[in-house]
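**Q** Chains as they are written, first to last, in our numbering: chain A, 55 to 484; chain B, 69 to 625; chain C, 3 to 383.
What the hints contain is simulated information worked out from the structure, not anything from laboratory work. Don't take each hint at face value.
[What the hints assert, rightly or not] The calculated SDA-like cross-link candidates involving lysine to any residue, where the alpha carbons are at most 25 angstroms apart (straight line), are:
hint: 1; chain 1: A; residue 1: Lys186; chain 2: C; residue 2: Lys80
hint: 2; chain 1: B; residue 1: Lys411; chain 2: A; residue 2: Asp463
hint: 3; chain 1: A; residue 1: Lys265; chain 2: C; residue 2: Lys354
hint: 4; chain 1: B; residue 1: Lys153; chain 2: A; residue 2: Gly82
hint: 5; chain 1: C; residue 1: Lys59; chain 2: A; residue 2: Pro293
hint: 6; chain 1: B; residue 1: Lys349; chain 2: A; residue 2: Asp440
hint: 7; chain 1: B; residue 1: Lys185; chain 2: B; residue 2: Glu562
hint: 8; chain 1: B; residue 1: Lys589; chain 2: B; residue 2: Gln571
hint: 9; chain 1: C; residue 1: Lys80; chain 2: A; residue 2: Thr236
hint: 10; chain 1: A; residue 1: Lys84; chain 2: B; residue 2: Cys213
hint: 11; chain 1: B; residue 1: Lys276; chain 2: A; residue 2: Asp440
hint: 12; chain 1: B; residue 1: Lys589; chain 2: B; residue 2: Val614
hint: 13; chain 1: B; residue 1: Lys326; chain 2: B; residue 2: Glu345
hint: 14; chain 1: A; residue 1: Lys402; chain 2: B; residue 2: Leu449
hint: 15; chain 1: C; residue 1: Lys84; chain 2: C; residue 2: Lys354
hint: 16; chain 1: A; residue 1: Lys340; chain 2: A; residue 2: Lys399
hint: 17; chain 1: A; residue 1: Lys425; chain 2: A; residue 2: Ala238
hint: 18; chain 1: B; residue 1: Lys418; chain 2: A; residue 2: Glu433
hint: 19; chain 1: A; residue 1: Lys149; chain 2: A; residue 2: Thr236
hint: 20; chain 1: B; residue 1: Lys418; chain 2: A; residue 2: Asn435
hint: 21; chain 1: A; residue 1: Lys359; chain 2: B; residue 2: Val174
hint: 22; chain 1: A; residue 1: Lys314; chain 2: B; residue 2: Gly417
hint: 23; chain 1: A; residue 1: Lys84; chain 2: B; residue 2: Val572
Keep in mind it's a predicted model, so treat the numbers as computed, not measured.
Now for the letters of each chain:
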Amino acid sequence: MVEKPKAVLVIGGGIAGIQAALDLGDMGIKVHLVEREPSIGGRMAQLDKTFPTNDCSICILSPKLADCFRHPNITLHTISEVKNVTGQIRDFSVKLRKYARFVKENECINCGECAAKCPVKVPDEFDMRLRKREAIYPYYLQGVPAVMTIDRENCLYLTRGVCRICEKFCTINAIDFEQKDTDATLHVGAIIVATGFDPFDPSGIPQYGYKRYRNVITSLEYERLICASGPTGGHLTRPSDKKPAETIAFIQCVGSRDLKNNRYCSSVCCMHATKEAMLAYEHDPKVKSYIFYMDLRAAGKGFQKYVARGEQEYNISYIRNRVAKITEDRNENPIVWYEEPQSSKTEKMTMDLAVLATSLMPRKGVEELAKVLGVELDEYNFFKTDPFNPLDTTKSGIFVCGCCREPTDIPESVAQASGAAERAAEAVMR
Amino acid sequence: MNEVRVGVFVCHCGTNIGGFLDVPGLAKYALSLSNVVFAKDNQYTCSEAGLTEIKNAIDEKKLNRVVVASCTPRTHEPLFRSTCKDAGLNPYLFQFANIRDQCSWVHMQDRDRATEKAKALIRMGVARAVLLEPLEETEVEVNPCALVIGGGITGMTCALSLANRGFEVKLIENEDRLGGTLNSLYKLYPTHEEASRLVQEKTKEVEKNPKIEVLTSSEVKEVEGFVGNYDVTVRQGEKERLFKVGVIIVATGAETLKPVGMYGYDGKTFVTQLELERMLKERRLNADTVVIIQCVGSRNEKRAYCSKVCCLTALKNAMLIKEANPNAQVFVLYRDMVTQGTKYEDYYGKARETGITFIKYSPERQPVVENKSVRIYDELLGEELSLPYDLVVLSTPMVAHNDSTDLAQKLKVPVDENGFFLEAHVKLRPVDFATDGIYVCGCAHWPANVSESISQAYGAASRASIPMSVGHVKTEPLIPVVDEDECSGCGLCELTCPFKAIQVEETEKGRKAKVIAASCKGCGACGAGCPQRAITMRHFTNEQLVAQVIALAEVTP
Amino acid sequence: MEEEIKTFKDLTREVIEKGICGKCGGCISFCSAGELNALEMGKNEVPRYINEDNCVKCGICYLICPQTDTLNVELQEKFGWKPPIGDYQRITSAQTTDKKIREICTDGGVVTSLLLYLLDRNLINGAIVSKKIGRFTRKAIVSRTPEELIEAAGSTFSGAFHLEELGGKYTTYTPILSTVKSLEKGYLHDIAVVGTPCQINAIRKMQCLGVIPAHLIKYTIGLFCIENFSFDDVAREMLEKKLDINLEKIVKLNIKDDFIISLTKGVTIHVPLEEIHEVARPACFTCKDFSNEYADISVGGLGSPDGYTTTLIRTKVGASVYEGALRNGYIQERTCENTEESRREKTKMMAKIVSFARRKKMRAEERLSDLAGGKDLGGKA
């Protein structure tokens with residue numbers, strides 16, 4: 055008699071994947087939580103504060119990270135990817151590849167001696183390439199598992215056979231260049247996809263000057279700048295001259311509601327722009343912010359009040375207009391060109407900093423994953439669902455939640471994650 | 069070993085604390101306090117590395133009290149408590165000193181004085197820690213039966229899911245049939261499938277399911293008990309039935325505001341969206357010019373929220389009007405078009421293509437009905453328009469049911485200022501109540517469309533299934549202890565308690581107060597009010613609190 | 003079986019002891035930037051171990067050294083190197099528009115002007131240049147202000163000296179790379195470096211590997227270089243006797259087609275390069291790079307009339323700097339009567355550069371094959 059597998063695979067270790075894993079684990083169901091990056095945490099770990107309460111993001115995330123790590127029913131597979139899936143609901147066979155970290159996960163104490171000595175400097179992805187990290191590094195400080203990782207593409211030993219300085223300075227012998235990528239097979243009854251999003255690259259909209267003008271940045275870059283654990287220690291300074299930014303423009307719908315790029319609405323940007331403006335004001339009450347929007351979408355619980363507070367107490371002006379272009383003056387101050395809503399005249403405003411609210415998009419690699427899973431994507435490459443079976447993919451036994459389904463905020467992602475856990479539990483307990 | 073050995077961990081919390089207080093100095097100060105045998109500072113005490121340090125210190129330094137001076141117990145107390153437990157230390161020998169919310173965050177401009185204040189907070193924490201006593205949690209069994217209040221699409225989805233999981237479900241519905249709001253709807257966006265089809269499908273499944281007992285025309289009369297052991301009295305007509313359930317899920321939905329007194333609403337020429345849906349369903353629509361006004365009675369001072377679903381409902385009905393009568397002129401007067409995400413933004417695009425006219429208005433210049441037209445200032449054109457109408461549709465917000473506060477009181481759960489049920493934490497626990505064992509989903513929580521309601525229904529089912537799956541829950545031992553020798557049986561505590569967790573009973577020694585541990589929330593009202601001082605609040609004894617006050621006053625600045 | 007990594011020991015054997023160490027300081031710069039602190043500049047001005055136990059045998063110093071045959075293919079691919087003198091976008095002849103700079107600069111003051119532009123626009127917050135601190139002595143400094151930059155302007159051939167003062171020995175060469183290591187601590191994060199081909203080469207190799215401290219260097223301005231000179235007492239005496247001049251009277255030194263000595267009272271002496279080879283640094287004879295093939299912009303006097311600098315714009319980065327400086331009026335280009343003449347002039351400039359480049363390459367190949375055949379260069383400065 056074939057024993058029906060009861061475990062569930064969760065693909066993606068962001069807030070949605072974590073919540074789904076915790077719910078299932080708490081129900082007594084075994085969970086394999088797979089994460090591509092060296093630690094779990096996802097995009098939420100990159101945010102400074104979260105609307106509508108302005109809670110410190112990592113502060114409310116880290117208890118969940120710790121819970122995942124120590125949960126008796128959850129097995130964490132970080133730096134791993136799903137390579138192959140066969141079978142059907144209640145009887146899936148999953149091939150998982152765990153890439154070599156070249157660091158012994160059970161030994162490393164995260165002391166940082168190795169990174170202090172590593173001679174390589176490459177742009178740090180978690181900090182949105184705003185600073186450099188070494189080739190042996192912690193993915194982010196509060197990450198779980200709390201161990202270092204060696205970046206195989208930039209490590210001098212792994213690419214050229216020289217160096218090995220980290221090994222020589224590690225006091226507990228936790229570096230292991232002999233580690234190999236390993237494959238494992240998991241037998242699970244259901245799968246939950248929670249792979250999250252990537253931000254739109256505004257180089258695709260040249261008239262906004264991203265990369266050409268140093269003081270035009272994206273919202274995720276802004277989050278890292280204003281975050282206390284980010285590259286500037288939370289000081290909102292202009293990239294060009296490190297002077298404080300006192301007039302800030304937030305430009306909405308960059309890459310979304312856009313026939314040339316993405317037609318859909320990115321859902322969360324009206325709210326996060328308000329939040330970001332509030333944070334700037336909290337850091338410096340001299341700050342004046344302008345949010346250039348099309349339709350203000352603040353429909354969630356407490357959202358409308360949040361926006362009203364922004365307008366009344368945080369020196370934010372909302373200007374209903376889609377910014378036509380951004381130019382620059384001699385001092386690298388971005389100049390925002392727009393049509394004044396009342397007079398219909400073309401106006402321009404000089405700012406210290408311009409923040410582009412870049413659209414949420416499906417992650418790189420999502421097409422491959424969909425093929426591996428045998429599920430369909432919609433025309434935007436989000437996982438396809440039926441509005442009235444919102445957490446089911448097109449394949450029985452595979453469920454979905456969070457931003458890989460559609461751009462959505464944290465409260466909804468968490469509710470969907472619990473919902474997907476329930477769908478998975480229904481599947482494996484039949 | 070009776071020696072009290074306190075370990076203090078002071079957290080930098082990145083720069084949240086470290087940027088404003090002298091954290092290393094605080095650790096040094098802590099070490100100087102009596103009974104403190106170990107003190108250190110760390111970057112993020114809640115990180116794996118920090119927690120491991122705590123565990124190691126408990127082991128190596130034989131600590132029997134732990135004080136963490138960092139952020140807030142609201143989010144982190146359970147984590148540190150369980151860390152102590154993992155290291156073999158009773159979790160109630162852990163003390164939190166909040167030097168972030170209560171110090172570094174509110175005194176960012178004065179590092180020295182803030183550090184002095186933090187020292188006081190730590191001093192107070194240590195003083196209390198010394199007097200803490202180990203407490204044991206108790207376990208209560210959980211009845212694997214769920215009560216779902218509300219038989220709409222949300223309640224039905226939740227009930228079906230739990231039944232599929234193998235749990236018994238009691239599904240209570242106020243109306244005489246299942247279906248809720250969807251019974252009043254014609255078609256659903258974005259697919260335009262018929263609402264009745266979806267309702268019938270779900271109703272059939274529910275009625276077929278042997279694990280679900282349905283009670284229509286019913287309401288909840290009384291709720292007693294605590295998580296895992298709720299006693300719910302349900303009234304159905306003349307009959308009353310008592311159900312013993314483990315968890316309760318609120319899926320009571322919401323209703324649509326009737327715009328009485330607004331825009332000349334009369335239910336005939338001026339109708340709500342729901343009334344329009346009925347007209348469309350019954351093919352009674354006889355209008356060539358329809359003006360739809362959004363945000364009627366919402367996003368104003370009285371109701372300062374956006375009801376989320378009205379824009380999409382307006383788009384849907386506008387398109388259905390055009391479908392029924394292609395020559396009809398339809399105007400949608402809106403403030404912001406709320407069509408978020410992939411499917412709904414596409415839907416908006418489709419609506420625009422059918423020739424519906426969209427006019428943006430601002431709250432300062434509301435539409436005015438006069439001379440059989442709607443006068444409106446078009447923000448984008450910069451001109452005032454006069455729109456003749458055959459029918460005016462007023463999009464009103466969803467509002468909480470009249471009796472939502474009533475139900476909330478019976479369940480002892482809170483509602484927000486708009487009457488919607490208030491969840492435990494808007495991001496971390498969006499479908500849980502702070503009260504254990506009770507959950508909420510759908511429009512009872514906040515205006516939601518069918519798709520979201522279904523997601524939330526599954527979400528609530530998941531959360532509710534956890535205590536039922538485990539079979540038991542632990543209850544916090546932070547409850548009062550009655551000294552029966554002192555107790556005079558006056559009953560003041562029973563009157564005071566909001567949770568019915570302390571009651572006076574006959575005993576051999578006379579009438580004495582008895583605590584019902586599992587219902588108790590540890591609020592302390594009984595202890596504060598007892599005229600005989602017969603009640604001691606465990607973990608918050610007078611000695612512990614007085615010691616904190618003395619510690620505070622010990623060193624005068 | 004793993005190949006043995008080449009370490010400083012191999013560098014000592016293959017480069018230093020063979021006498022071809024150019025003393026660029028790259029190895030020491032890297033080793034001290036990472037606080038490995040195994041190397042230092044020795045008494046006879048070649049790198050050596052401070053403490054051999056500190057050496058972790060990472061092998062990176064060997065890879066960085068411009069005199070080892072490593073990373074060549076990678077460098078060529080990365081920069082789209084084309085024969086005969088590397089890749090470039092265009093060649094111009096330009097000069098500064100600033101009167102003050104024009105008075106003190108060697109040729110056209112283009113280097114100082116480009117650096118001023120970068121500093122003014124906050125594209126860099128420091129530049130490594132060499133500053134004159136004595137008649138024949140210069141030292142590498144980090145300039146952070148326009149004033150410091152202008153102070154440092156002027157011929158780099160009029161003498162330079164090593165960071166650690168060594169008494170009577172002087173060279174025209176400024177080993178700048180040791181200055182780079184301490185920059186991050188001074189909160190510099192984007193700098194420009196002006197250097198000779200060997201120095202720029204070492205920097206580019208560091209950038210290929212992605213190692214500190216080269217991540218700070220955003221712009222490289224390379225000088226044309228046929229060779230550098232060592233003016234120790236013996237050399238000075240020889241030169242004074244040969245040329246019948248008093249070196250005290252030197253106002254300015256330059257190299258273009260030949261060695262140009264400007265004395266007080268407006269006297270200028272031209273000395274053919276062959277005649278002063280004996281005071282040239284021996285390591286220079288094994289170097290193949292005349293026109294600084296991997297810099298963002300390469301500059302020199304050769305090919306331009308007096309008061310103008312020949313400017314070879316190589317990379318996109320170099321082009322953006324040059325165009326920016328031009329557009330904002332820091333420099334101006336030499337104009338010609340018509341496009342025909344302009345083309346002729348450019349062709350002439352190019353021809354000169356290619357010719358010198360060829361000469362230097364051939365000289366190096368000859369010297370290197372001599373070495374391989376066992377000839378000793380003496381292993382000293």
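**Q** Each hint needs a verdict: does it hold in this structure or not?
**A** Consistency of the hints with the structure:
Annotation: proposed proximity of Lys186 (chain A) to Lys80 (chain C) holds, straight-line Cα distance about 21 angstroms (limit 25 angstroms). A threshold of 25 angstroms between alpha carbons decides the hint, and for Lys411 (chain B) with Asp463 (chain A) the separation of about 16 angstroms falls inside it, so the pair holds. For the hint pairing Lys265 (chain A) with Lys354 (chain C), the CA-to-CA distance comes to about 39 angstroms; that exceeds 25 angstroms, so the pair is violated. Under the criterion of a C-alpha separation no larger than 25 angstroms, the hint pairing Lys153 (chain B) with Gly82 (chain A) is consistent with the structure, at around 21 angstroms.
Straight-line distance between C-alpha atoms of Lys59 (chain C) and Pro293 (chain A) comes to about 38 angstroms, which puts the hinted pair past the 25 angstroms bound. Between Lys349 (chain B) and Asp440 (chain A) the alpha-carbon distance is near 24 angstroms, which keeps this suggested pair within the 25 angstroms criterion. Proposed proximity of Lys185 (chain B) and Glu562 (chain B) is contradicted: the alpha carbons are some 39 angstroms apart, above 25 angstroms. For the given pair, Lys589 (chain B) sits about 14 angstroms from Gln571 (chain B) by alpha-carbon distance, which is consistent with the 25 angstroms threshold.
Distance restraint check for Lys80 (chain C) and Thr236 (chain A): the Cα-Cα separation of roughly 34 angstroms exceeds the 25 angstroms cut-off, and the hinted pair is therefore not satisfied. As the CA atoms of Lys84 (chain A) and Cys213 (chain B) are separated by approximately 23 angstroms, the hinted pair is consistent with the 25 angstroms bound. Restraint check: the Cα-Cα separation between Lys276 (chain B) and Asp440 (chain A) comes to about 24 angstroms, which is no more than 25 angstroms; the hinted pair holds. Distance check on the hinted pair: Lys589 (chain B) and Val614 (chain B) sit about 22 angstroms apart at the alpha-carbon level, within 25 angstroms; holds.
A C-alpha spacing of about 15 angstroms is found between Lys326 (chain B) and Glu345 (chain B), which places the hinted pair at or below 25 angstroms, so the restraint holds. With a C-alpha separation of about 21 angstroms, the suggested pair Lys402 (chain A) and Leu449 (chain B) falls inside the 25 angstroms cut-off, and the hint holds. For the given pair, Lys84 (chain C) sits about 17 angstroms from Lys354 (chain C) by alpha-carbon distance, which is consistent with the 25 angstroms threshold. Distance restraint check for Lys340 (chain A) and Lys399 (chain A): the Cα-Cα separation of roughly 28 angstroms exceeds the 25 angstroms cut-off, and the hinted pair is therefore not satisfied.
Taken as a hint, the Lys425 (chain A) and Ala238 (chain A) pair is honoured in the structure, with Cα atoms around 19 angstroms apart against an allowance of 25 angstroms. For the proposed pair Lys418 (chain B) and Glu433 (chain A), the alpha carbon gap of about 16 angstroms is at most 25 angstroms, so the pair holds. For the given pair, Lys149 (chain A) sits about 10 angstroms from Thr236 (chain A) by alpha-carbon distance, which is consistent with the 25 angstroms threshold. Restraint check: the Cα-Cα separation between Lys418 (chain B) and Asn435 (chain A) comes to about 20 angstroms, which is no more than 25 angstroms; the hinted pair holds.
For the hint pairing Lys359 (chain A) with Val174 (chain B), the CA-to-CA distance comes to about 23 angstroms; that is within 25 angstroms, so the pair holds. A hinted pair counts as satisfied when its Cα atoms are at most 25 angstroms apart, and Lys314 (chain A) with Gly417 (chain B) qualifies at roughly 14 angstroms. For the hint pairing Lys84 (chain A) with Val572 (chain B), the CA-to-CA distance comes to about 46 angstroms; that exceeds 25 angstroms, so the pair is violated.
Violated hints for the displayed structure, listed by number in ascending order: 3, 5, 7, 9, 16 and 23.
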